[in-house]
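J.: Protein chains in written order, with the working numbering: chain V, 1 to 263; chain F, 1001 to 1425.
No lab work stands behind these hints: they were computed from the structure. Given the structure is predicted, the values throughout are model-derived calculations rather than measurements. For each residue, glycine too, the CB sits at the ideal point set by N, CA and C. Heads up, some of the hints might be wrong.
Unchecked claim - Each computed DSS-like pair below joins lysine-lysine, with the alpha-carbon atoms no more than 27 Å apart:
id	chain 1	residue 1	chain 2	residue 2
1	F	Lys1177	V	Lys132
2	F	Lys1346	F	Lys1252
3	V	Lys194	V	Lys144
4	F	Lys1419	V	Lys153
As the list claims (entries may be wrong) - Taking beta-carbon pairs under 10 Å as the criterion, some of the chain F residues facing chain V (in silico):
id	residue
5	Ala1324
6	Asp1326
7	Leu1328
8	Gly1329
9	Asp1331
10	Tyr1332
11	Arg1337
12	Lys1346
13	Pro1350
14	Gly1351
15	Thr1364
16	Glu1417
17	Leu1420
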Amino acid sequence: MNPTAEVDALGNASIPKPGEVAIVIKDMNKWFGAFHALRDINLTVYSGERIVICGPSGSGKSTLIRCVNRLEVHQKGTIIVDGTELTSDLKNIDKIRSEVGMCFQHFNLFPHLTTLENCMLAPIWVRKVPRKEARETAMHFLEKVKIPEQALKYPGQLSGGQQQRVAIARSLCMRPRIMLFDEPTSALDPEMIKEVLDTMIELAEEGMTMICVTHEMGFARKVANRVIFMDEGQIVEQNEPEEFFSNPKSDRTQLFLSQILGH
Amino acid sequence: MDGTTFVRKEILAAQSPPTSEIGIGGWARENLFGSVFNSVMTVLSATAVVLFLAESLPWILQSSWTANSLSECRERISDRYGEGVHGACWSVIRERYLQMLFGFYPSELYWRPILTFVLLLGALSPVLFPSIPRILLVFSAVYPFVGYWLLWGGSIWGPFSIVAGFAIGIFAGQHVKYRIAMIAVLILSVYLCFRISGYLQTAAPVGIEPIESAQMGGFLLSVTIGTTGIVLSLPIGILLALGRTSDLLIVKAICVGFIEFIRGVPLITLLFVASTLLNLFMPPGTNFDLILRVVIMVTLFASAYMAEVIRGGLAALPRGQYEAADALGLDYWKSIRLVILPQALKISIPGIVSTFIGLFKDTTLVSIIGLLDPLGLSTSIRADSDWNGIVWELYGFVALMFFIFCFAMSRYSMYLERKLEISNH
Ligand SMILES: Nc1ncnc2c1ncn2[C@@H]1O[C@H](COP(=O)(O)OP(=O)(O)OP(=O)(O)O)[C@@H](O)[C@H]1O
Ligand SMILES: [Mg+2]
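My request is simple: use the sequences and hints to build the entire structure.
T.: Structure follows, in structure tokens:
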């Protein structure tokens, strides 16, 4: 636990003060077999920072954020999350995973559990929170993502946008210090995208550290501190959103932006 | 109103469906005579059913329940229903049904297998039906020992000490931090309690009359082997399936080897190994119960199939489920128990129940190594000079009994699927 972290009313460590280092990625390389998927990635994320990653399909965006909670294993370099280095030590991995929330493109809710049970599962079994408290926390976050009335439904009975908001609530129930989003809106119909983005914007405004793979440029402009453009497994350009969008330096970035903003 | 714009003025009220959609007439038209092909099939099937019943019903009904031998039975049938009438000799069932049910279990002790069976239903019910109070699961956990003791009899201290050992071990294990130590404590306490049981028996002999395995037979034997096999093969199959899909090379190799070996060998071979070869490997003088050996073989055999059925369920789960569980920080066993297995088992229910049914019917193979299961008993009854030549009645009875058990399992699986369907979208 971070020594400077404060404790909030619910007894959980609050988000660390801005300016602290949350994630350090240094000279990180990743291969899938012989395929060099990530090449010399260097990235430091500070607490409270919101980072948007974009880039063409297959450029390694998902792989990069999946390395942060070790859903993928990197082969070279170091990743330090919240002061803990990611090694093959299972204890460290489980600790980091419980501190880092993740939302997937396809929500990945547990279909055999109700919305509420989805949100209560990890706090109960990982954090050993008493059932009653876990239920209160779950309801708190379901209210926050504005679907408390769906608490007793199964994921299959919800719309895509609702499912993604449940997935966000499920992650938040673990009181994560960092949230990773992997194209959270790209499987959604346009009218549902807004409700999910609104939830994420709210989260950002509360100071959550976020790394977000998305092509929602409006969202990036609005909340990102930094936008990172990736191509062929490398970070090609990194800048503040205004600069990034109005004045992209690299040819690849320009091409990419013209393609996604052009039509 | 022109062709392109339209605004509804009044909202239509709901009406009941047209009559052809409702009632028996509507149902029959829809389902039996919906098309020419459908009508032809309906007529053909109905004819087949009628012909079958016309042949079999007289045989079933024009029968004798009282004769004491096959020839006497035939006489009675032709006396009563006329020359040349073929009727069933159900009297063989009347005479031998107790034997078919219990084998050579002493008749004054029939209450023991009956009680065991009733308690079995009680022990299974909380496992099968979630609406039954969870506290009864404690009884389900103790039941194997109660059932064993009731069937085989002997000193109560053996089974009792093992249960006590488990209870003490589990209680003590809760105060131990590491899982390995917990298991060690459990094994140690069971072992110690079991060692003590011998002294307890000499100090305070409490027990019921012991029964030899050789005295057991009939459906008692089938149900004992079948139930034990079913109850054990599921968890073993789950472990094998998990092993086969795991990243640990050695574990994976062992599981694959085991599954492929067992599946590649006929069950009869395994039963012969159990009945003859296994004794060669035992230290001389050890008396390793034949039924126990058979149960082990049947369980291993069914586990291999079970493992493959469950592996199918595991493979059907999207990778995202594993990833979501990992991302929440659940460790391997928790994610398996809480996220993966509930879904994988649900997908595999039809396959699992098929394997159960197959296992239960395969218990008849034990007649080949000389155990007197219902089929083995039928053979010996047919060898009796009184009943020499009787076929359909005996095997029909055996088939009916097996059908009842298997059909019950099948219905339960359908019930379970329907119940779990609710959460399925
Ligand atoms: N499990 C895997 N095995 C082999 N190759 C993989 C695997 N996962 C990803 N890759 C490859 O790594 C590269 C990067 O994949 P990644 O999923 O990170 O791309 P992405 O930037 O997220 O693309 P998208 O926008 O389509 O999601 C791709 O070329 C992909 O084919
Ligand atoms: Mg991706």
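J.: Compare the structure with each hint and give your call.
T.: Results for each hint:
Simply put, F/Lys1177 and V/Lys132 have alpha-carbon atoms about 25 Å apart, close enough for the 27 Å limit, and the pair holds. Of the supplied pair hints, the one linking F/Lys1346 and F/Lys1252 holds, its CA atoms being roughly 24 Å apart against a limit of 27 Å. Proximity of V/Lys194 to V/Lys144 is assessed by CA-CA distance (about 15 Å); at most 27 Å being required, the pair is judged to hold. Only pairs whose Cα atoms come within 27 Å are accepted, and F/Lys1419 paired with V/Lys153 is accepted, the gap being roughly 15 Å.
At about 4 Å, the closest approach between the beta carbon of F/Ala1324 and any beta carbon in chain V falls short of 10 Å, and the interface hint on this residue holds. Residue-level restraint check for F/Asp1326 holds (minimum Cβ-Cβ distance to chain V is 6 Å; threshold 10 Å). Below 10 Å, beta-carbon pairs count as interface contacts, and F/Leu1328 has one with chain V at about 4 Å; its hint therefore holds. Of the supplied interface hints, the one on F/Gly1329 holds, with its beta-carbon coming within about 3 Å of a beta-carbon of chain V, less than 10 Å.
Given hint, F/Asp1331 at the interface with chain V, holds; its Cβ is 6 Å from that chain's nearest Cβ, closer than 10 Å. Hint status for F/Tyr1332 relative to chain V: holds, with the closest Cβ pair at about 9 Å, below 10 Å. For F/Arg1337, the shortest C-beta to C-beta distance to chain V is roughly 9 Å, which falls under 10 Å, so the interface hint holds. Here the hint on F/Lys1346 is kept, as its CB sits about 7 Å from the closest CB of chain V, short of 10 Å.
With a least beta-carbon distance of about 17 Å to chain V, the hint placing F/Pro1350 at the interface is violated under the 10 Å criterion. With a cut of 10 Å, the hint placing F/Gly1351 at the interface with chain V is violated, because the nearest CB-to-CB distance is about 18 Å. Annotation: F/Thr1364 was flagged as interfacial toward chain V, and the flag is violated, the nearest CB pair being 37 Å apart, outside 10 Å. Below 10 Å, beta-carbon pairs count as interface contacts, and F/Glu1417 has none with chain V, the closest being about 13 Å; its hint is therefore violated.
Hint status for F/Leu1420: holds, given a least beta-carbon distance of 8 Å to chain V, under 10 Å.
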